[in-house]
Structure formats: C-alpha cells, structure tokens
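Participant: Protein sequence lines correspond, in order, to chains A and B.
Heads up: the first sequence runs through residues 26 to 181, numbered per my numbering.
Heads up: the second sequence runs through residues 112 to 302, numbered per my numbering.
The reader is advised that the hints may include incorrect statements.
Computed cross-link-like contacts, DMTMM-like style, restricted to lysine to aspartate or glutamate with a CA-CA straight-line distance of at most 25 Å [unchecked claim]:
{"id": "1", "chain 1": "A", "residue 1": "K48", "chain 2": "B", "residue 2": "E231"}
{"id": "2", "chain 1": "B", "residue 1": "K215", "chain 2": "A", "residue 2": "E100"}
{"id": "3", "chain 1": "B", "residue 1": "K215", "chain 2": "A", "residue 2": "E43"}
{"id": "4", "chain 1": "A", "residue 1": "K108", "chain 2": "B", "residue 2": "D270"}
{"id": "5", "chain 1": "A", "residue 1": "K58", "chain 2": "B", "residue 2": "D270"}
{"id": "6", "chain 1": "A", "residue 1": "K91", "chain 2": "A", "residue 2": "E109"}
The set of hints was computed from the structure by calculation and includes no laboratory data.
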Amino acid sequence: MVGVKKKMVTLVSSDGVEFVVEKRVAEQSLFIKNALNEGGVEEKVMIPIPKVTSDTLSSVLEYCEKHASATEFQENEIEEWDKEYIEKADLDLLYYLLQASYSMSIMGLMELGAKKVASLIRGKSPQEIRELFNIKNDFTPEQEEEIRREMQWNYE
Amino acid sequence: MHTPRYASNSAVVLPYCQKLIEQFTCLNYSPESCFGLYQPGCAVQVAFRCLARVPFCCHPHLQLVCRSWRAALRSPDLFKARLEGPMAIVRGEPYVLSNGLIMKQQRGNLPDRTVSSASEFQSRIGFGMIGLGDEIYVIGGVIGPGPRNQCIKQLSDVDVLTVRSERPAWHPVAPMTHCCGSILGCALLRI
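For reference, chain A alone in the conformation it holds in the complex (with noise of 0.2 Å):
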C-alpha cells in the first residue's frame, strides 16, 4: 500500500451488513464523531446503526463521502451534485432518509431532505397533499367548511 494507511472503520446496518468506510467519512456523522472519541480509537471499531437498512446506509454514505471530500470540489459542484442527489431518492428513500440523517445526526443531509420535502409539499393543494403521502381526509365537511372560515377570517 502506498502512502500513510487510512483509518477505517465498520458500520453495521439493522440488517446486518456491514460497511468498511475511512474515519474521515462517518465523522461526517456528528453521532458516529462522538460514538469515536468516547470510545477511544481502537484498531478494529464497529458502531451498530439500528434503525439504517443496508439500503439507507449506503446512500447515506454516498452523502458523507461527497461531504468528507468537499474542499477537494467547487462550490457550485457540492451544491449542484446535493440537488441531484436528493432529486434521484423517491419519497420512500426520502423518509428513511430524513430518519438516518436525524439519528445519525448529518445536520447537512436533514436540511437537504427537509426542503426536498417542503418543496414538495408547497404550491399543493390539499387534496394533492394527501395523494401524495396517502393521507385520509378525517375532518367531516361541516368541520372543514368552518376551517375555511376560519381562514378566511385570517385574511381579512
């Protein structure tokens, strides 16, 4: 091997698979960071991530690579390869996604999935809300006829 030997370490998804990444990567997780220096740096460190799929992670760690290495890149670059990033996670992946990064703590990848999913909620109606994340209506009409007034009284 050439050059100083990197540090890894092994993250174990809830199912079980395991994932060898350098240090520098899951310490873009603030909760793997703290999980490394409370534990000491051993040579062989595996932190379980309850809750991830091997799915989730893998994307997740997709995220943190870029992130690891964002000074090597423009500005722009980071910020056009998030859009893309975010654009390509269907509204499934896009939950486990939003649970990961709150777990895990990747205060840069909630953000990015919190206003993926505020864009999508903004400029719908409310019927078009509740297609789109299978919501039941549960007001009665009277209920929602007064809520109308409500709002109405609101604007004037």
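Add chain B to chain A, keeping to what the hints say.
Facilitator: Just chain B now, kept in the frame of chain A:
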C-alpha cells in the same frame, strides 16, 4: 392504528411519518447498545423540520389536509423548529446560524446557501453574533447545563468566520479580557 409509544404527543404525529414510527415501535433494541442513538419522538421532530421549511403563507390551507396536520401547524413546537438562530449582516447580505450551519439568505425565492458548518456552537447558548468587515464574529455565551445538568461554563472566546473568502473557515481570535458569559447584544461602535 396504534398510538406510537415514543411520540411525545400522539395528536401531532403526522401521517406521512407513520411509517417511521412503525419502524420505531417494532424494534426492540437497548439504548445502551448504540451510544444513546435512541431519541424519543424522532419521527415527529423530522416531520416538524419538514413542515417548518414550508413558507408560512402556505400554512393556513395546509390545515385542511387532515386533523393531525392541523394540530401540528397550530402547535408551538412548529415554531421551535422554525426558530432560527442569530443573524448577522456582512456587506449588506444576511447570514443566519441555524441547525449548526451558517446559511446565507438569498433574495427572492432562492434557497439559502450553506456557507460553513458551525456545529461547534450547537452546545453554546446566549452568544453574540455580529458581522464586521468580511467576517462574522461569534462572541462569548455559555455552555451547559446540558442533559446531565452539568455546571454552566461561561465563555470569553471569540471566533471568527471569514464568510467572504473562497473557503470560509473558523479561527479563534483573542478572547475578551473583561466580559464572559451571555451576550445580550453586539454593536459596532464608531468613536
């Protein structure tokens, strides 16, 4: 539909996060085994963060979606999630500290641009932030009391971020000599 065990208030659980909550409640893992990863109400937090990113003007009609959305939109927790940190003006452009990131707010409908990470300030409260020249100064504040109720540490540190440079980076400068702790406000004086 079962009531999610970990949600702080089941009335505000948003349906589109139901999936997450189900995953939560199905899993029986011990909190100790995963470095305290377990956080109550995680899914609700996530949902609030998403809703908080929707412009305020859309909120009234989002209340019509369903009961739990209405409850969420009227809950004070949403305003907590919206709450942004301090703001500073550098060369006429506003920068805010929110969620451990320094963001530059752009005009019109453009999304905020991330300038730099500020995660080291997440545990700090009551500090002052001011724009000076091409830089943002983060001054003083306190650390604590934290989840374990440690004693409050008063700081006299001053950290500077060169926001207008190609690669914005934080660096500490000389600390305050007389003051420390909470800063109620900062102003640039010309004498």
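Participant: It remains to establish, for every hint, whether it holds in the given structure.
Facilitator: Going down the list of hints, with the structure as the test:
1. A distance of roughly 19 Å separates the Cα atoms of K48(A) and E231(B); the hinted pair therefore holds under the 25 Å criterion.
2. Of the supplied pair hints, the one linking K215(B) and E100(A) holds, its CA atoms being roughly 13 Å apart against a limit of 25 Å.
3. A threshold of 25 Å between alpha carbons decides the hint, and for K215(B) with E43(A) the separation of about 38 Å lies outside it, so the pair is violated.
4. This hinted pair does not check out: K108(A) and D270(B) have alpha carbons roughly 31 Å apart, beyond 25 Å.
5. For the hint linking K58(A) to D270(B), the alpha-carbon distance of about 22 Å falls within 25 Å, and the restraint holds.
6. For the proposed pair K91(A) and E109(A), the alpha carbon gap of about 12 Å is at most 25 Å, so the pair holds.
Of the numbered hints stated above, those contradicted by the structure are hints 3, 4, listed in ascending order.
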